[in-house]
Structure formats: structure tokens, C-alpha cells
Amino acid sequence: MNRNEAVTLLRKKGYKMTGKRKDILSFFEKADGYRTAKDLITHLEESYPGISFDTIYRNLHLYHDLGILETTELDGEKHFRMNCVHHHHHHFICKDCGKTKEIDICPMEEVEQLLTDYSIEGHKFEIYGRCPGCKLALA
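Using my numbering, you'd call the opening residue of the sequence shown number 1 and step up by one each time.
No lab work stands behind these hints, which were simulated from the structure alone. Note that beta-carbon positions come from the ideal geometry of N, C-alpha and C, so glycine has one too. Not one of these hints is a red herring.
In the SDA-like style, the derived pairs of lysine to any residue whose C-alpha atoms are separated by at most 20 Å in a straight line are:
hint: 1; residue 1: K16; residue 2: R3
hint: 2; residue 1: K20; residue 2: I56
hint: 3; residue 1: K124; residue 2: G76
hint: 4; residue 1: K78; residue 2: D96
hint: 5; residue 1: K30; residue 2: C84
hint: 6; residue 1: K38; residue 2: H79
hint: 7; residue 1: K95; residue 2: N83
hint: 8; residue 1: K38; residue 2: I51
hint: 9; residue 1: K99; residue 2: T71
Cβ pair distances, simulated, as ranges:
hint: 10; residue 1: V7; residue 2: I103; range: 24 to 32 Å
hint: 11; residue 1: K13; residue 2: L114; range: 35 to 43 Å
hint: 12; residue 1: L114; residue 2: T42; range: 37 to 45 Å
hint: 13; residue 1: D75; residue 2: A139; range: 19 to 27 Å
hint: 14; residue 1: K135; residue 2: T71; range: 20 to 28 Å
hint: 15; residue 1: K135; residue 2: K38; range: 18 to 26 Å
hint: 16; residue 1: Y57; residue 2: Y118; range: 32 to 40 Å
hint: 17; residue 1: L115; residue 2: T42; range: 41 to 49 Å
hint: 18; residue 1: L115; residue 2: E46; range: 43 to 51 Å
hint: 19; residue 1: N2; residue 2: L74; range: 19 to 27 Å
Please model the complete structure; the sequences and the hints are all you need to start from.
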């Protein structure tokens, strides 16, 4: 999903497009991976002095509930990124910097064969590790 698609969805659902909401969308559209609420507030503090975590979390949860953002948890902290809706894929996620790489394979065909008596309603497949840049920095 891109910023314009998100703005259209928010307006369609009856939400006002404030400067903060637009800036939050821009932040995630430009991000090259998952980001935390702390990353977002650090980015917004210059333009919006005194912005609260309540405002940040309220908007993050709204965007997640509407399918604009997707989440994952790294080291016990929730991370967010723009939802990828263009095709079915999964992610490699760098545990150090949050960058993602799309993986265009899906193990669900094999998993479905193991769960024939179950009703599968969704899935999420993530691989964690270090990207080439972070791996090199450790060497």
C-alpha cells in the first residue's frame, strides 16, 4: 500500500487527514523496513514538539486495524511497516535495523497437507537474522 491509497482509505472510512496523519504515512512509506513507535516519535518530534505516545499509538493501531500497516514483534517490541498488498509473499527481517527482503516462496502447500482436518484462516511466515550491512558491521 502506498500513501495515496492509505489516504483514500482513511477518507472513505470517514477519518480526517491531519498533518500528523499524513506525516506518519510518509514516514512509513519512506522506511525500508519495520519501524517502532519510538522511531516514529523521534521523527515527528521536530515538527510536532510535545507529541505524545498516546497520539502515536492511537494512529498506529488505527492504521493497523484498517490494513494500512502490518506488524511484527522483535525482541518483545511491536514494529510496523506499510502493508504489502501487491502480491503474496513473506519477509526476511533484519533483527538489527528492521530492513526487510521479500521472499516469494510460501511453505503453506506443505503445511496444509499436514493439517488436513484443520481450517486454516491465515498465515504469516517470517525469517529473522541480519541483513548484509548489519552482518558486515559485526565482522
